[in-house]
Amino acid sequence: MTTLATPGRTASGVPLRPQPKHTGKKVAVIAGLVVGACFAALPVLWMLASSFKQNSEIFAYPPRLITQGFSFDAYTTILTDPTKLRFFLNSYVVALSVTLLTLLVAVHAAYAFSRYEFWGKKTINVIVVSVQAVPPITLLIPYFGLVVVLKLYNTYQGLILTYMVFTLPYAIIMMTGYFNTLPRELDEAVKMDGAGPLTALWRILLPISIPGMVSVGIYTFMIAWNEFLFALTLTRTEDMRTVPIGIQLLMGQHSYEWNEMMAMSILGAVPVLVLFLFFQRYFIGGMTAGAVKI
Amino acid sequence: MSNGARVRRLVAVTGVATLALAGCSSGGTSSSDTATGDGGSGGESVALEFQQWWEPELPDGAFRGLMDKFEEENPGITVELLSGPYSSTKEQVVAGAAAGTMADVVGLDGAWVSDFAKQGAIADLSSIMKDVGYDDSQLASQVQVGGATYMIPVVNFVYPMFTNDALLEKAGVSAPPSTRTEFADAAKKITALDDNTYGWVLPLSLEAPNGVQNDVMSWTWASGGSMLKDGQPALTDNPAVTGTVDYIQGLWDDGVIAPGSFTMKEQDKVEEFTNGRVGMMIDSLAHVNTIREANPDLTFSISAIPAEDGYAGERGIPYASWGIGVAANSAHPAEAFKLIEFLMSESTNSELSSIAHAFPGNTEAVPDFVKDDELFGAAFDIYKAGYPANEFTGLPVAEQLMRDFGEQFQKALDGQQSMQDALTAAQKAWEAEF
Amino acid sequence: MSTSQTSPRAATPTVTEPAARRARSRARLRRRLTPYGFLSPTGVLLIVLMATPIVMVVGYSLMDQVITNKNPAFVGFDNYAEVLSDPVFYTAVRNTLVFTISSVIAHFAIGLGFALMLNSPYLSNRTKAGFRMLYILPWLFTVAIIAVLWRLLLNPNGVINYILGSTGLTDGRTEWLSGTGTALAAVTFINIWSGYPFFMISLLAGLQGIPRDLYEAAKVDGAGVWAQFRNVTLPQLRPIIISMALLDFIWTTQQFALIWMTTGGGPINVTEVLSTFTYKLAFTQYEFSVASASAVLVLLMSMVLAFFYVRHQKARD
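As they're listed, the protein sequences go chains A, B and C. Under the numbering used here, read the first sequence as residues 7 to 300, first letter to last. Under the numbering used here, read the second sequence as residues 2 to 435, first letter to last. Under the numbering used here, read the third sequence as residues 226 to 542, first letter to last.
Treat each hint with caution, since some may be false.
To be verified - Some, not all, of what chain A presents toward chain C, calculated at C-beta under 8 angstroms:
id: 1; residue: A47
id: 2; residue: F65
id: 3; residue: P68
id: 4; residue: T73
id: 5; residue: G75
id: 6; residue: S77
id: 7; residue: V111
id: 8; residue: Y149
id: 9; residue: T168
id: 10; residue: L279
id: 11; residue: L281
id: 12; residue: L283
Since the hints were made in silico from the structure, they are not lab data. Predicted, not measured: the structure shown is a model, and the values here were computed from it. We put the beta carbon where it would ideally sit given N, CA and C, even for glycine.
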């Protein structure tokens with residue numbers, strides 16, 4: 007298993023020198039990838055195209071990708087509406103805080119799971135795994151009451167702590183797996199020099215765990231960014247709403263603002279895509295260790 | 002580093018983490034203080050919360066404008082609008098009532114009233130009206146549960162029949178059908194026009210089952226029928242209901258209903274009509290402007306829902322309301338009722354009806370568009386000639402009743418059971434809920 | 226993995242006996258308490274915000290008419306009996322299993338297929354990065370928009386029917402989401418589309434971690450592409466596959482919004498799953514006690530899964 011701790015180094019990132027007999031295979035792989043990309047991306051392309059249409063053209067038959075009414079109106083409407091921009095700001099604040107706090111809390115718990123034997127470890131472990139099995143919708147009413155009692159209703163903190171409850175179990179599992187792949191000798195060596203466990207964690211383990219933290223961080227970010235039900239229930243005023251609620255607000259009682267909904271979700275996805283682009287090198291490496299040795 | 006220092010540092014870090022959590026829970030209380038609406042204990046200034054889905058449905062700033070006017074007229078009362086998506090308003094009210102954080106004034110749908118009243122979430126408006134000495138003679142209607150009013154419909158969206166004039170003409174139908182036979186005939190002719198045109202559209206989605214109310218039961222009401230008898234469900238041994246479902250089954254068998262019914266929602270229905278793929282639909286007046294904006298070339302007219310052949314009585318016309326109620330735990334019921342009074346007053350109600358393109362809940366109010374717009378004028382005449390009919394309003398678990406019925410109805414249309422069995426099964430399910 | 230953690234420093238002989246013993250026991254105590262310190266923020270958060278509501282739901286499930294009635298009465302297991310005697314509950318269990326198992330298998334198959342292609346040695350890194358971006362797209366959208374998008378695409382007059390119809394593959398009239406025969410397959414398909422990227426990324430990471438020399442050795446033994454896949458790739462990925470499959474299973478059984486917003490559990494009840502069943506009990510029938518009982522049953526079923534998961538994890542340690 008420890009061989010897997012250094013993904014990327016043995017990885018096939020470096021392409022083999024193309025040999026003539028590989029041309030056929032290369033064509034086959036590219037053809038396969040293109041087919042797969044159609045499955046993955048065509049629906050999203052349709053969403054993008056719809057965001058440039060007039061509402062009336064969304065349901066036109068025969069359907070057309072590019073329509074006569076092509077316009078950026080939907081984007082202009084969203085980007086010039088301070089209320090909607092506030093939704094984006096709220097989503098960023100919440101998702102980023104959740105990501106950072108989840109990581110902060112999870113690495114400590116994961117360190118305990120990875121490096122210590124203690125009474126109740128297995129029980130706690132079962133609990134941490136099984137809490138993610140609770141369907142959130144069933145908890146809505148008691149949870150809401152609790153949030154009100156704790157005076158967290160309609161606050162960023164309420165949302166942030168709620169999402170941490172969702173993301174922590176997975177983050178702990180993944181980080182424990184990741185730490186398990188790192189040789190114990192590393193932190194033992196620091197401790198020999200008289201440093202405490204925290205020093206070992208922060209100075210030694212965390213710097214080499216950045217890939218793992220990035221992968222967990224992106225997952226966490228996605229969860230917090232896209233969540234709807236609790237975001238709606240736990241907030242009350244317009245200045246606390248997040249993007250998914252903004253999208254749902256466009257689904258009216260009588261009619262939908264189709265193009266604005268599509269535009270808003272495209273606008274929401276772009277920053278996440280940029281984030282992924284920026285971090286994907288780490289991400290691809292980081293998932294391995296965690297997933298292999300959960 | 003000494004052992005002691007190490008421990009201290011460990012404690013410090015976990016302490017910081019815990020403090021961060023604790024700090025989170027103590028911070029940001031300012032905004033939730035007003036959650037229960039007990040803003041000004043000194044009686045100086047009262048902050049009312051008004052939870053509704055109306056603001057996002059209206060032109061930007063329009064509803065806030067009305068509230069500003071109210072605040073001007075009532076110094077010392079401020080209104081905070083809490084707006085959410087229509088589709089989840091109900092869950093939010095339920096959760097809010099359970100946690101005691103309900104807004105003082107809430108927007109209501111007739112289908113929810115009975116349940117909220119039973120839950121003790123909304124206040125008895127009859128007694129508030131008595132306390133403040135309100136004269137309710139101007140109210141077009143009140144929704145009552147057990148003899149007491151819990152909701153007042155502020156504006157009503159009626160559901161007449163829309164017909165696509167061009168399609169009808171092309172199919173050789175000279176005037177919008179007025180009887181069921183004429184309707185079935187017109188539907189057949191329109192469907193025969195080409196491959197992708199249908200006579201009628203019937204949304205039966207189980208997520209939003211109001212199609213059962215607006216598109217199915219409306220046929221019964223239009224012929225003066227009822228699905229209830231002495232307030233109890235009467236789906237079986239009821240010629241009015243049997244006639245309706247058999248009639249729709251006939252349309253279904255003729256293949257004149259646009260595909261996709263079983264998961265179609267009201268919003269989809271309108272898109273089919275707007276794009277000229279269906280000739281006729283029963284739909285909310287709220288859509289007139291949506292359709293005009295989306296397809297300015299479409300000419301359509303509005304008429305009463307066809308009745309049974311030979312029926313000459315008044316036609317019931319289905320409607321959906323933006324209703325209003327007061328939270329049972331509101332600390333300011335009197336101020337909350339002032340807001341309702343304001344919204345129901347002749348001038349405000351006219352104005353709100355105008356911007357919402359709905360019919361007023363105040364009998365005196367006349368919205369502008371009725372005078373200025375031919376279509377709305379026609380609709381208003383239909384409305385006045387008939388009577389507003391929505392038997393689901395005020396029933397217990399009304400939405401579940403629609404869903405029960407919808408499920409059995411789908412099964413019958415799908416050929417898994419006879420219409421008679423569907424009615425029997427729905428009747429049984431309804432009786433269990435009453 | 227060895228777990229003995231004896232500290233080598235404890236045996237330093239320069240301190241006097243009782244003091245040393247005290248220091249040793251203090252050190253041991255501290256050592257014993259340290260992991261709890263590390264776990265405390267997690268513990269506080271999960272106990273306050275997760276365990277409390279779960280306990281409350283369990284409490285609700287034993288009472289009659291909670292929420293709607295101010296003074297609910299204790300009724301024992303009546304609500305459970307009510308749920309278990311409802312035939313729709315079993316339909317929901319069956320649909321949930323079909324939905325979940327097909328989703329997990331397809332997530333795995335598609336995820337692995339895409340990961341293998343993205344890991345192909347015949348392509349440049351830039352090409353692979355480009356495709357990787359395309360392939361994670363479905364992951365980026367909130368459920369509401371995924372539901373709306375697919376309702377548009379699968380509409381009887383939608384683009385999918387148009388393409389199928391104009392190429393002659395079908396008559397272009399299929400009512401994907403509203404046909405009793407196709408609805409469950411259609412929502413499962415949507416869930417597969419929206420959920421495979423996470424699986425794919427994990428498998429891709431796993432593939433990149435497989436040491437090259439294993440393949441070289443297999444080649445020396447004369448193994449073909451298929452034999453290499455079976456004897457090297459699959460065994461190496463096995464831990465990831467099992468963990469991901471279990472997690473995915475748990476997550477997919479909870480899927481609510483996607484099904485609710487596309488079909489609402491219909492037509493009739495062919496797409497009724499446990500989450501929509503529970504939701505309807507709570508929010509359209511206001512039977513919060515019965516809904517809580519149903520939720521607890523779901524929780525128990527999930528805990529059986531979680532138990533297997535942890536056992537699998539222990540077995541590997």
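Could you tell me which of the hints above the structure violates, numbers in ascending order? As far as the earlier hints go, 4, 5, 6, 11 are violated by this structure, in ascending order.
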